[in-house]
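K.L.:
When you get a sec, could you build the whole thing from the sequences and use the hints?
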Amino acid sequence: DTAVSQTPKYLVTQMGNDKSIKCEQNLGHDTMYWYKQDSKKFLKIMFSYNNKELIINETVPNRFSPKSPDKAHLNLHINSLELGDSAVYFCASSPTSSSGANVLTFGAGSRLTVL
Amino acid sequence: QKEVEQNSGPLSVPEGAIASLNCTYSDRGSQSFFWYRQYSGKSPELIMFIYSNGDKEDGRFTAQLNKASQYVSLLIRDSQPSDSATYLCAVNDLEYGNKLVFGAGTILRVKS
Chain U
1 DTAVSQTPKY LVTQMGNDKS IKCEQNLGHD TMYWYKQDSK KFLKIMFSYN NKELIINETV
61 PNRFSPKSPD KAHLNLHINS LELGDSAVYF CASSPTSSSG ANVLTFGAGS RLTVL
Chain G
1001 QKEVEQNSGP LSVPEGAIAS LNCTYSDRGS QSFFWYRQYS GKSPELIMFI YSNGDKEDGR
1061 FTAQLNKASQ YVSLLIRDSQ PSDSATYLCA VNDLEYGNKL VFGAGTILRV KS
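Protein chains in written order, with our numbering: chain U, 1 to 115; chain G, 1001 to 1112.
Source of the hints: derived by calculation from the structure; they are not laboratory data.
Only a predicted model underlies this, so the values are computations on that prediction, with no experimental measurement involved.
Mixed in with the good hints, there may be bad ones.
Said to hold, decoys possible - Simulated pairs of lysine-lysine, DSBU-like, Cα-Cα distance not exceeding 35 Å:
1) G:Lys1042 - U:Lys44
2) U:Lys19 - U:Lys71
3) G:Lys1056 - U:Lys19
4) U:Lys71 - U:Lys41
5) U:Lys40 - G:Lys1056
P.N.:
Shown next, in the form of structure tokens:
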């Protein structure tokens, strides 16, 4: 069984369109994340939710809007897509740790290409 | 902004050798340190994490942490061609939602 699953795996779309990526985890984790990995392979956090509550919101254009209907799901909607949005978007989850360490489990990634 | 620095490589080692990957971080308050491996076109997967100064061993992998010098390293003994990947160092940022800050990664190539 896939622990963290994302759909779709590939997205090719035109500039100006709106698209969504969905993520689901069956690990029972409390926290979910969206990370963006650009062409230089730099992995950067975008958002984090803990039990449906937004706890991390990095400096991301407001065209990006995350939604967490429950603690097992975290979706990412992107409006008015731009060329610079082309990247691989990774969903991840982690348990709540009293030690403060977040061991992340990543989904397979969604490769977004904006033409 | 917390920073995590890694040499991008590629680091090339012959099969059977020890590969040494290094990482420095800017936040003295960081407490948890992680090494992830990412094969081309795949997602990052956790290799190991370390909290305390010193060494932590897991099979062929040893993580070393020196908080005074703000560096963490990963040693891979008896390197295999299957170890060829990008190795990502990550450090937790307690100040802001306990997020993980990743370095840009070091490309490792093990030649048979």
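K.L.:
Look at each hint and say if it fits the structure.
P.N.:
Structure-based check of all given hints:
1. G:Lys1042 - U:Lys44: Roughly 16 Å between the alpha carbons, so the hint for G:Lys1042 and U:Lys44 holds.
2. U:Lys19 - U:Lys71: 22 Å, holds
3. G:Lys1056 - U:Lys19: With Cα atoms ~43 Å apart, G:Lys1056 and U:Lys19 exceed 35 Å; violated.
4. U:Lys71 - U:Lys41: 28 Å, holds
5. U:Lys40 - G:Lys1056: This hinted pair holds, its Cα atoms lying about 30 Å apart.
Checked against the numbered hints above, the structure violates only hint 3.
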